[in-house]
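Using the sequences provided together with the hints, build the complete structure.
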Amino acid sequence: MISRAGIVDWALGIFEDLEFGAARAWLAEGPGRKACGYLPVYAPREVVHASGMLAVGIHGGGDRLEIIKGDAFYQSYICHLPRSVIELAQTGRLDFLSAMLFPSTCDVIRNLSGMWQVLYPDVYVRYLELPQVQDQATGGAFWEGELRLLLRELGRVSGRPADDASLAESIALYNTARGLIRELYRMRREAPWTVPTEELYLLMRAGEGVPVETFIEKARAYMSAVEAEPGQRKDRSRVIVVGAFCEQPPLGLIKTIERAGCYVVDDDFLLGNRFLDTDVSTDNDPVRALAGGFLRHAVSSSIMFEPDPEGKRNLMRQRVQAARADGVIFAAPSFCDPALLDRAMLRAGAEADGIPCIAFKYAENSAQFQQFREQAGTFADSMKLWGDS
Amino acid sequence: MKTVTAGIDVGSGAVKAVVMRSDENGAEILSHASSRIRKRDISSVVNEVFEQAAAESGADRIEYVASTGEGEDIPFATGHFYGMTTHARGALFLEPRARGVLDVGALHARAVAMDARGRVLTYKMTSQCASGSGQFLENIARYLGVSQAEIGPLSLEGKKPEIVSSICAVLAETDVINMVSRGISTSDILRGIHMSMAGRFARLLRSLEIDQVVFVSGGPAGDVGLLAALREALGKGTPEKPAAELELVSHPMSIHAGAIGAALWGAYRYHKLGTGGVAWTATVKI
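The listed protein sequences correspond, in order, to chains A and B.
In terms of the numbering used here, the first sequence opens at residue 1 and continues consecutively.
In terms of the numbering used here, the second sequence opens at residue 1001 and continues consecutively.
Hints in this document: simulated from the structure, not taken from any laboratory.
C-beta atoms are modelled at their ideal positions from N, C-alpha and C, and glycine is treated no differently.
Please note that the accuracy of each hint is not assured.
[What the hints assert, rightly or not] In silico DMTMM-like pairs for lysine to aspartate or glutamate, Cα to Cα no more than 20 Å straight-line: (1) A:K255 x B:E1162; (2) A:K234 x B:E1070; (3) A:K234 x B:E1024; (4) B:K1002 x B:E1024; (5) B:K1160 x B:D1175.
[Stated by the list, open to error] From the derived model, a few chain B residues whose C-beta atoms are all more than 12 Å from chain A: (6) K1039; (7) E1056; (8) G1058; (9) M1084; (10) M1125; (11) E1162; (12) A1228.
[What the hints assert, rightly or not] If the Cβ cut is set under 10 Å, some of the chain A residues that face chain B in the computed set are: (13) R160; (14) R233; (15) K234; (16) E258; (17) G261; (18) A380; (19) K384; (20) L385.
Spelled out as structure tokens, the structure:
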């Protein structure tokens, strides 16, 4: 059996590899193989997989990449992610991708898709408008049409057009992956000392750079390792980290929050992995099932329209109750419009419900964590000593 | 019910540990130990100091081991508390009248305002520069060839203190080298350094508007020269803020204030978790 440390080391290696060696190795294993990159937050990876391509999550270079060219493309008041992604591309690190998907997260991602079309005319580029209306006749029909179009076009790029059977198979695989992630989140919620967030994050992040089949194998191995090496329980406060769904925090920030005396029992990290909160049906028409799955089972997030006027204000209470959390840490990337615009409503709702909150901003290349440590540490102490936890 | 808990304060210069016994009537220190880290592996220093304190406590079990300072990664700790939280609680234990703490560490100093329960109300830290810290004072003493124990008494003898840079440790060290070459006496140099540090600390305390008893914690808390300079600096006041009626208090156990606070908060948590039916905290057998 592989040890917990062995799996975490494997994941860390993929996370730190800005040359995407694992994806390049997969491409080299068979003639004519192709890879498709996708940006946060949600991309229908089943469609990419069914088209015979490797889906590769592109999250920027974090704190391991110096931005030289990327800054020329974006103003200083734009978040760090797009300039980092451009830097990866302009330095040839993304030259193994035959296609790029840009899901509708914000205007910046939309602009980035336009830049890609201009800079890389040989790469298939698609800006994915996600349905914002939860009505089958409008939103459902629209998204189904988008998925069918994407299937056709990716099939043309890969030379291996998907059919219903291959798509159903891909959906089943991603159902398994999502199920494992849900189980890992449940394990962390129940016994957070057994699944440190740093490890869970690395596992999920690595999973976005390898075939889904490999991720499933590693996730199962990790769960077995957790049972064999459960870790030691500590007296810490239970917190939810909200707002880090697109540009990812540096790993040091995640470590800092837990080291400072918190157990993260729910979060938004790499949210695309859990965007559908239940299995997608593999019966009947798989495209319709995938579209319907998104329409009915997309999680509440800042990139989706919230029809209920009280929905945002109630969301933190619901999540805190579900995770049995003591408080909420709002951690959003600097200049992230979706996260920061929502923060005011989410925080107002949380505070109205008496939920302790703190808030800070980060960038994916933040290198100094003392201020986060101070905030998270005093926050944890205040909940343990003066709160109900 | 008596509860035995331990506090381990990992500072940037030294590791301190205490073992305490507490019940509803109060708490007592059973044992304490400390050791300079120097260039040793921190985890081995932590183990050494904790084992010494545990062995000398006479207790056969410890219900809650609380870490503080840089001790987040101590594997056998039950929980961790932030430094300000523990120094406030430790100060209150050593001086119940204290409503403020000036914690002078090896690399930083911080002022904390607290209430009668030890709850931190607000705080301020010196910036990242090591000037105005214990390590800086120790370096200067080494350059001047005096022991740490001599620093305070020598400083008190200073008659014509030389002003040093109060911002930058590097510039301050250059100042000291120049003073030595100009033949300034060791006493006057040390007094000048203490005055420089005291000026920074006084500004920290004034900015928090603490106007009662302030407890001085950390290694340099026993430095009589520093305390004298601080009393003088606080007595001067500024045009905007006249001298406050501040009483500075130190204690022979000041260096252990963080560890004491951690042990006391550990006892509090032990009972709080226990009353909730979650008495899961690992007991450390000695």
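To see whether the hints hold, each was checked on the structure:
1. A:K255 x B:E1162: Not OK: K255 (chain A) and E1162 (chain B) at ~45 Å, beyond 20 Å, violated.
2. A:K234 x B:E1070: holds, 16 Å
3. A:K234 x B:E1024: Status violated; Cα separation ~25 Å.
4. B:K1002 x B:E1024: holds, 8 Å
5. B:K1160 x B:D1175: Status holds; Cα separation ~15 Å.
6. K1039: For K1039 (chain B), whose nearest Cβ neighbour in chain A is about 23 Å away, the distance exceeds 12 Å, so it holds.
7. E1056: Check passes; 25 Å lies beyond 12 Å.
8. G1058: holds, 25 Å
9. M1084: Given a closest Cβ separation of 7 Å, the condition is violated.
10. M1125: violated, 8 Å
11. E1162: holds, 33 Å
12. A1228: It holds; A1228 (chain B) is separated from chain A by about 31 Å at its closest Cβ, greater than 12 Å.
13. R160: Since the shortest Cβ distance to chain B is 49 Å, the answer is violated.
14. R233: holds, 6 Å
15. K234: holds, 6 Å
16. E258: holds, 9 Å
17. G261: Constraint on G261 (chain A) satisfied, holds at 5 Å.
18. A380: holds, 7 Å
19. K384: holds, 6 Å
20. L385: Since the shortest Cβ distance to chain B is 6 Å, the answer is holds.
Hint compliance for this structure: hints 1, 3, 9, 10, 13 are broken, all remaining hints hold.
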